[in-house]
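J.: Sequences listed follow chains A and B, in order. As numbered in numbering that gives the first Met the number 0, residues 0 to 333 make up the first sequence, in order. As numbered in numbering that gives the first Met the number 0, residues 0 to 333 make up the second sequence, in order.
Identical copies carry no separate label here, and so any pair may be met within one copy or between two of them.
Listed next, the in silico DSS-like pairs over lysine-lysine satisfying Cα-Cα at most 27 angstroms (straight line):
1. Lys303 / Lys175
2. Lys75 / Lys5
3. Lys303 / Lys75
4. Lys175 / Lys5
It should be emphasised that the hints constitute simulated quantities derived from the structure, not laboratory data.
Chain by chain, the residues run as shown.
There are 2 protein chains.
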Amino acid sequence: MHEIRKDPILGRWVIIASERNNRPTDFTVNREQPTGGICPFCTDSESHTPPEILAFRPGEPRPNAPGWQVRVVPNKYPALRIEGDLGRRAVGMYDMMNAIGAHEVVIESPLHHVQLADMAPEQVVRVLDAYLQRMLDLQQDRRFRYVLIFKNQGAEAGATLEHAHTQIIATPVVPKRVSEEIEGARRHFDLHERCVFCDIVSQESEAGTRVVEENASFVALEPFASRFPYETWILPRIHASRFETLTRDELERLSSILRLTLQRLDIALERVPFNYVLHTAPSNSADVSEFYHWHLEIMPKLTKVAGFEWGSDFFINPTPPEQAAILLRRVRLE
Amino acid sequence: MHEIRKDPILGRWVIIASERNNRPTDFTVNREQPTGGICPFCTDSESHTPPEILAFRPGEPRPNAPGWQVRVVPNKYPALRIEGDLGRRAVGMYDMMNAIGAHEVVIESPLHHVQLADMAPEQVVRVLDAYLQRMLDLQQDRRFRYVLIFKNQGAEAGATLEHAHTQIIATPVVPKRVSEEIEGARRHFDLHERCVFCDIVSQESEAGTRVVEENASFVALEPFASRFPYETWILPRIHASRFETLTRDELERLSSILRLTLQRLDIALERVPFNYVLHTAPSNSADVSEFYHWHLEIMPKLTKVAGFEWGSDFFINPTPPEQAAILLRRVRLE
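For reference, chain A alone in the conformation it holds in the complex (with noise of 0.2 angstroms):
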């Protein structure tokens, strides 16, 4: 069984795997392995992995089988595991509690070499569709504090496979993060009666200098401070606290921006691998609303984060955001 503990310093919440038997040398991290050549995530692989939890598939609704567009999946190799309950104790000074949660992967595709930022912009709605759904079920379970969904594409982002795919892991805590951010954004309401995001979104959108991409409903900028060369963030541009009350129309809205920056960022870094991950309100926390407001980031991974930055959470971004911009705007689309 895994452990979930909290550094006593600073909050922060660590997944400990208890499995004794690795040795030094062995980390191989338990997200995803490769299976011995044949892709899990496949058409014709179905048996390979967990039964699904959800699919879209055209016509003929057989579960397991070829045919489907979009399928959700048990990580077969679970950093938190469903059943179940929290445990939560004391060791002398420490807090810990057991490593419950949901671990679950969003096979984005049934082709093997087509990346998010390749697909027919119906089958990008389709992946978001199944965020959407997958967060509005584990939100049920009161175990489950948050719900966080990230994608890591390319090895240099932490991808053990290729076949593209979104995590989606459900945590009896709320990440440090996630606790940070509203804390700045409650301090910045309790100043303005304002949203910080709003008051970002606004201020970019009239200065234009960092943005990449803009929609009816959402803005792709480079933030001010942003932390990587090319990080970018996707913001509706009208408030709301969680991405899961999105209606259909800002579904596609968001498809249609996230398929256009991932593009830019494809052709503009070739084909950089990238980290993103959707940031949103826990799940049960209705007195945020006025104040958080959902966004995604991406991260591209270019530079290396040394001793610097693990020390100090101090980033050295050698590219301006400005400067970023203006190359992902040049960048020419199809």
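Given chain A, put chain B in place with the hints provided.
T.: Frame of chain A, contents of chain B only:
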């Protein structure tokens, strides 16, 4: 001129390079760069670095010539520049300032192929003594709020030169991570009237399960909520908020435990790349002395940090610290 910008939500600071001649795929971050086959840190290459700030030389003291044991020079490609005023200003809703600070390199040995773990005990003392002397000197400059000392060993840990060296960056703001540690330690002190790090040292020494190495003044341990496999902290047993108040005896004991701990990591993990970062109280912050406790955090680079960690500050560690401690204790040192 580089800039320092603040994230308006999290309060995190970022150094943004404003040289506008980077192509999108040029990402040699401006730390150090190789100079055409010649190692600028080797003896007889003294002219390849800016003039030295400090050097330990037995006998005749002729600066910037061979004969030194440890040498401190300005970084040739500094992230922060020493000359100028801070120019704190607002850009609409955002905060920024000029990238003023110091960026120095401690060259740990005149020899190219010797890493810190391999050096004679008295050489490690000299390296740490150079840290201490530079920290005391940099704290005289009232523009600087923090002196960050960190080491990247190995390309995977972000080192761009192989020759053993440490970097020192003095910053005009307190890094976010340090502020968080101080706040966490303050909360613990407010509740318990005790230093949280002293509590950790005391609980860990008693239990012994996560201890790797100890001596009269220091303990090296795997923290309870280790983010990374084989993450190792070295803490002073007796409460002290500042590294730079070390006595000569303590400096020798710190050198000894650091050297032995790095040797254990080197042997157990086959010369693993690592970062270490000195965590000490900010300059001119007498008010934290009761509850902040300086320490050194060593982070071996065995796993890739991916979207999950970046999005959440929530980590998955595949090696329990208790297991790592057993393995490190078992290493036979000569």
